[in-house]
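Chains as they are written, first to last, in our numbering: chain A, 29 to 272; chain B, 5 to 523.
Honestly, the hints are just simulated from the structure, not real lab data. Only true hints are included.
Ranges between beta-carbon positions, derived for each pair:
(1) B:462 to A:102: 53 to 63 Å
(2) B:16 to A:49: 51 to 61 Å
(3) A:220 to B:436: 53 to 63 Å
(4) B:505 to A:128: 52 to 62 Å
The beta-carbon is built from N, C-alpha and C at its ideal position, and this holds for glycine as well.
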Amino acid sequence: MKQNIKPYGDTINDGIIQLSFTLPVEFGAKAKKAAELYVLKLNFDQVSVAHAEKIADDFTYFVVFAKAKPVLDYSTVVASEVKTVEMDFYQINDLIRKEFNRKISVVGATIGADAHTVGIDAIMNMKGYNQDYGLERYPEMNALNMGAQVTCEDLLKEALDKKADALLVSQTVTQKDAHIRNFTELIELLEAENLRSHFLLLAGGPRVTHDLAIELGYDAGFGPGTVPSRVASFIVTTLLKGRK
Amino acid sequence: MATIPLDQNQIERVKAIALEIAESVQEYIVNYSSDSVERTVLRLYGVDGVNEDGTPLPNRVVEKAREAGILEHGISPWFAKAMLISGRDEQVTAELLEQDQVDFSFDKNVTPADIHQKEGELANKAMEVLKATNSAKREKREKTPLPPNPWRYIIVATGNIYEDRTQAKSAVFSGADIIAVIRSTAQSLLDYVPYGPTTEGFGGTYATQANFRIMRDALDEAGLEQGRYIRLVNYSSGLCMAEIAACAAFEDLDMLLNDSMYGILFRDINMKRTFIDQYLSRLICAHADIIINTGEDNYLTTSDAVEAAHTVTASQLINEAMALKAGLPARLMGLGHAFEINPKIENAFLYELAHAQLARQLFPDAPLKYMPPTKYKSTDIFHAHCLDTMFNLASVTTDQGIHLAGILTEANHTPLMQDRFQSLGNINYVFNVAKDLGDEIEFKQDGFIAKRAQTVLDETEAFLNRIREKGLMESITEGGFAGISRPIDGGKGHGGVFAKSSDYSNPVMQLLENNNPNK
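Please construct the entire structure, taking both the sequences and the accompanying hints into account.
Structure below.
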């Protein structure tokens, strides 16, 4: 059944969207008109330039409200997210103890030139993130966080050495799509070495979605706000499925 | 300003322990040098430029000295000798050495006295250059006055120095007092300083002397237009701490990110290398009137900001002690800390005030570097903006020095022009409406904030005592800071550390040590 939707302001299907952007022109009446015309060109209706301000010589900043015209049939939308059973720290460790009779080995790193460890640390460090323990704290896991600026080769070497069940790869820097290139480089290395099927491969980062990760050849992708137990339960349940 | 009642004896005690810790590291530092220290000597002597492959000449000359087996004596006497043999200036002599037209073994009856004299000339000339940057900056600051506290610090990070220039000027227009050009993400691990203007970088722009100059000129221009002096910041961290400090001094930079332990912990750079390099870099900063910015804020991105608060304070005290060893006065110590407590914790803001106020009182004359929230910023930019507002309030209330602007799109991308505008708008608003709040309030004697500050100070004292017993290097090995453990002989750059021979010569370093302009 069709389900047409539009952005919602305060009345169903009013289509209201707030936009903010900068135009490389000097502030003035002409700049404001330009903002209005530009948003009209984007196929909006009833464009209202709510705020315009000079933010530098030859640059003007705008806040604009406008009504969007297109409708979307929501029933045709397909998107996936990582499907996993919600389990906590104790349930996950119990499950490993009961089902595996060995520790689960996980190796994580921020690869390439990216120097940010915030993502991988949130998932792996003892402390964890948002009151949710990191994988290093799991008694039934051997979790190794290699930190940042790790080469794909070093990650693979460590993964083989530690007989890793899963690799966690984080990317924070997205300028000029550096993250896509780095994620791809690892996949290419694993395929060249014929080792892709050896590991569960998980991608993470502020601009990572599950769909993007799947498209790049990973098993799952985790975006901002992900807590460690979510990653842990994905790893454990997926490994379990693979065995059965 | 409102103060928390703290025991002055305890403050003196923790400072004395920190000094002892720094002194034990200093005992090690004096017996060793590194490739990058020797390259810095060459830069201070006037060697610059790259060879045909793009390798900097200071690197090539030091490599040649290492190959010739003479580096342990210091590059200075050998380079002075090469100059006497070539009869040319510093730059041409370096080029001739690189092209093997002069070498270190060739001896045309150059006497030790001649070499000694030449070294003295080179070292004195280097000191003159450092003095010149000092007076150049003083003149500029007289022409365009410095802004009031806290100074608004904004980053630019497009990867292209010319684009950075546009971004920086717009930030100055919106109220920025300090511009930091974020470095390309892997530069800390390069064992050389890149050369020339650059237009390609990842997550930032390469720190090169040419880029420093381009931005300095742009900021001088913007400062004149806006009627206030705009400070320029870069990074003296990684494998080239002292070399970058020299380049920064040449181009009149005002601040450098410079931490005695950051590279060890967060970039896995060898700890001996870092301690040796930071010492010379700070000697240069003391002479060139450059404020160092230390990196304690980073501890809290990996550790919990409440549990690990004392490690921040302890590190500030150690950074202060090491800075004192290098002759830096308090006014050049931008000791770092951060507003990183989980916003879900009840009264998180009171904890933040306690930590910020403690830092203020422990280092009353230092321009404290206060970092905005990053760890708990979500991709909801509107909520992120709220977090920054509270951060701005804590900063102005506790009279912080160097206020790093929180950016609402922190968790999304490197800032857009309009993100900086929003950020500065928020700061300008809060700093104005709460300008004298700190002078109006009093902290309750036995209230939450006072008790919390006391707890952190007590934990700091206990922690410092443990470090003193074990030694700083061993404490780092055991993961005492930021929960990160680094082996003493591990990490990058270890190969570039060497023991000085008994006749090691480095007269410019001696002059830097013995002629502190801040005494």
